[in-house]
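Novice: Next come the chains, spelled out residue by residue.
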Amino acid sequence: MEKYNSEFFFNNLIFTLIILFASFLQISLNFLSFFVISQPYIIAIILFLTLRRVNYQVSSILIILHGLLYDLITGGLIGIHSLLFLFLKLFTLNLSISNKILKKYGEWFLFSFSYIISLLIMKVIFVIVNFKFPDFYAVSFNIGTTLLLFPIILFLIDVPKIVLKVFVSK
Amino acid sequence: MLFEKSKLYKNKLFNSLLILICLILIFIGKLDLIALRNLSSFLTDFFSPISNFVSKPALELENVIKDVQSATFLRDENIKLKSENRRLKIIETKLANTESELIELKKLLNFKIDRNKIIFTGRVLNISGGTFAKTMVINGGSVDGIKKGQPVISSLGLVGSIISVGPSSSRVLLTIDINSMIPSYLTQSGWPAIAQGENGKLLKLRFLSSEAKPIIGEIIETSGHGGVFPSGVNVGKIISMSNGNYYVQPLPNPQKLRFVSIISNGILDNRKKSTGFAPLQENQNKINLKGFNKFSN
Numbered sequence: 001m002e003k004y005n006s007e008f009f010f011n012n013l014i015f016t017l018i019i020l021f022a023s024f025l026q027i028s029l030n031f032l033s034f035f036v037i038s039q040p041y042i043i044a045i046i047l048f049l050t051l052r053r054v055n056y057q058v059s060s061i062l063i064i065l066h067g068l069l070y071d072l073i074t075g076g077l078i079g080i081h082s083l084l085f086l087f088l089k090l091f092t093l094n095l096s097i098s099n100k101i102l103k104k105y106g107e108w109f110l111f112s113f114s115y116i117i118s119l120l121i122m123k124v125i126f127v128i129v130n131f132k133f134p135d136f137y138a139v140s141f142n143i144g145t146t147l148l149l150f151p152i153i154l155f156l157i158d159v160p161k162i163v164l165k166v167f168v169s170k
Numbered sequence: 171m172l173f174e175k176s177k178l179y180k181n182k183l184f185n186s187l188l189i190l191i192c193l194i195l196i197f198i199g200k201l202d203l204i205a206l207r208n209l210s211s212f213l214t215d216f217f218s219p220i221s222n223f224v225s226k227p228a229l230e231l232e233n234v235i236k237d238v239q240s241a242t243f244l245r246d247e248n249i250k251l252k253s254e255n256r257r258l259k260i261i262e263t264k265l266a267n268t269e270s271e272l273i274e275l276k277k278l279l280n281f282k283i284d285r286n287k288i289i290f291t292g293r294v295l296n297i298s299g300g301t302f303a304k305t306m307v308i309n310g311g312s313v314d315g316i317k318k319g320q321p322v323i324s325s326l327g328l329v330g331s332i333i334s335v336g337p338s339s340s341r342v343l344l345t346i347d348i349n350s351m352i353p354s355y356l357t358q359s360g361w362p363a364i365a366q367g368e369n370g371k372l373l374k375l376r377f378l379s380s381e382a383k384p385i386i387g388e389i390i391e392t393s394g395h396g397g398v399f400p401s402g403v404n405v406g407k408i409i410s411m412s413n414g415n416y417y418v419q420p421l422p423n424p425q426k427l428r429f430v431s432i433i434s435n436g437i438l439d440n441r442k443k444s445t446g447f448a449p450l451q452e453n454q455n456k457i458n459l460k461g462f463n464k465f466s467n
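Chains U and C are the protein sequences, given in the same order.
Counting in the working numbering, the first sequence runs without a single skipped number right up to 170 at its last residue.
Counting in the working numbering, the second sequence runs without a single skipped number right up to 467 at its last residue.
Careful: at least some of the hints might be erroneous.
To be verified - List time: in silico PhoX-like cross-link candidates among lysine-lysine, alpha-carbon distance up to 20 Å: (1) C:Lys383 with C:Lys236; (2) C:Lys407 with C:Lys426; (3) C:Lys236 with U:Lys123; (4) C:Lys287 with C:Lys318; (5) C:Lys383 with C:Lys426; (6) C:Lys374 with U:Lys132; (7) C:Lys226 with C:Lys236; (8) U:Lys132 with C:Lys200; (9) C:Lys200 with C:Lys318.
If you are wondering where the hints come from, they were derived from the structure by calculation, not from laboratory data.
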């Protein structure tokens, strides 16, 4: 039991640190002129990869807390990122269609499906709460850059594995 | 089988409950509670050194890109600058004459000048440019005399206004944010309008009279109505029109800003001295302005 608790605590701590780093990295991207309209959601990519690839079940409450912290740091509407990340988790793991997409088309398609659906639902809620329509071009730019960044991050994560494979085979 | 069904049902119920909690959080956030605002200020203050540190590689990368771009277009830029310099010299002589005339006329009319003063110039720590909010954090706070609502400008024009203040950092709501509304006027025709952000890179002109015929390229300035922004600060220029809506490109690009100035417009502190572009009527005993003159009481 004690071992389980320490492992649980350690995993959550590591996950928190990774998400915090991803948050600051995402914020820093706005200094690049390429992301003039909107910065891509690195946190969403990291969260998706953690949910899919890491052998540890991320708690939904922890995800909500991270979303809340992100909203407080960036000065956005409180709770909006909590719900976005929660939807991302639910669409990635809990839907039966998610497994079908994963088997048939792979990880990138599953991420695209989960991310686009989650973001669009959040945009609808955002419009209802604010009574204003945001710039659609900014939303599509955000979706596009995030989806393009996904394979790049995936490749960067796999680089150590590829290098190791090369060295081992030699 | 029954156990699995019950587990699935419990799981669905738990997820629905979490979604409901998040929705409640959104509505609590919309209430704009002071406690949450203070918590946000504290966290911004606490994390700003880390955020600043993590932003450094991106800043350096942007500088390298800028250097490479400027080196590529150095020759073209030189030719362009020379012609611009010639044009500016002609304008300068004309301006000197106009300025002296203006000073003389102001003296004759006993014109009251707006006393806007820069109270702080700070460095931009980070810019949050997500699809939900457009804000910026600067390295000045309540200890530097910054207060909520104060306008923020750059050398090119209006950047936004202060929305939360911590001890050593403050958050600026950028003009392009969906919650930003700036009372403005068209500089050539003089029509008033509200420049509203859309969480994109342009502002939309709202409440513009149907009689107004804005010109593409026309400059928009703050009108000073409402007393939050001082009058005569550049907001941007009209760059496009679609479906009867006019879109304004803000003159300062938030991404290229490294330093901004916070100004005290003397209106928030003492609203009796409000001098906008076209000031609202002063409170008079016999006239009921139905709430418009509440600030001058």
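Novice: Hint by hint, note whether the structure agrees.
Specialist: Hint-by-hint comparison with the structure:
no. : hint                   : result
1   : C:Lys383 with C:Lys236 : violated (38 Å)
2   : C:Lys407 with C:Lys426 : holds (18 Å)
3   : C:Lys236 with U:Lys123 : violated (34 Å)
4   : C:Lys287 with C:Lys318 : holds (16 Å)
5   : C:Lys383 with C:Lys426 : violated (32 Å)
6   : C:Lys374 with U:Lys132 : holds (12 Å)
7   : C:Lys226 with C:Lys236 : holds (15 Å)
8   : U:Lys132 with C:Lys200 : holds (14 Å)
9   : C:Lys200 with C:Lys318 : holds (18 Å)
Violated hints for the displayed structure, listed by number in ascending order: 1, 3 and 5.
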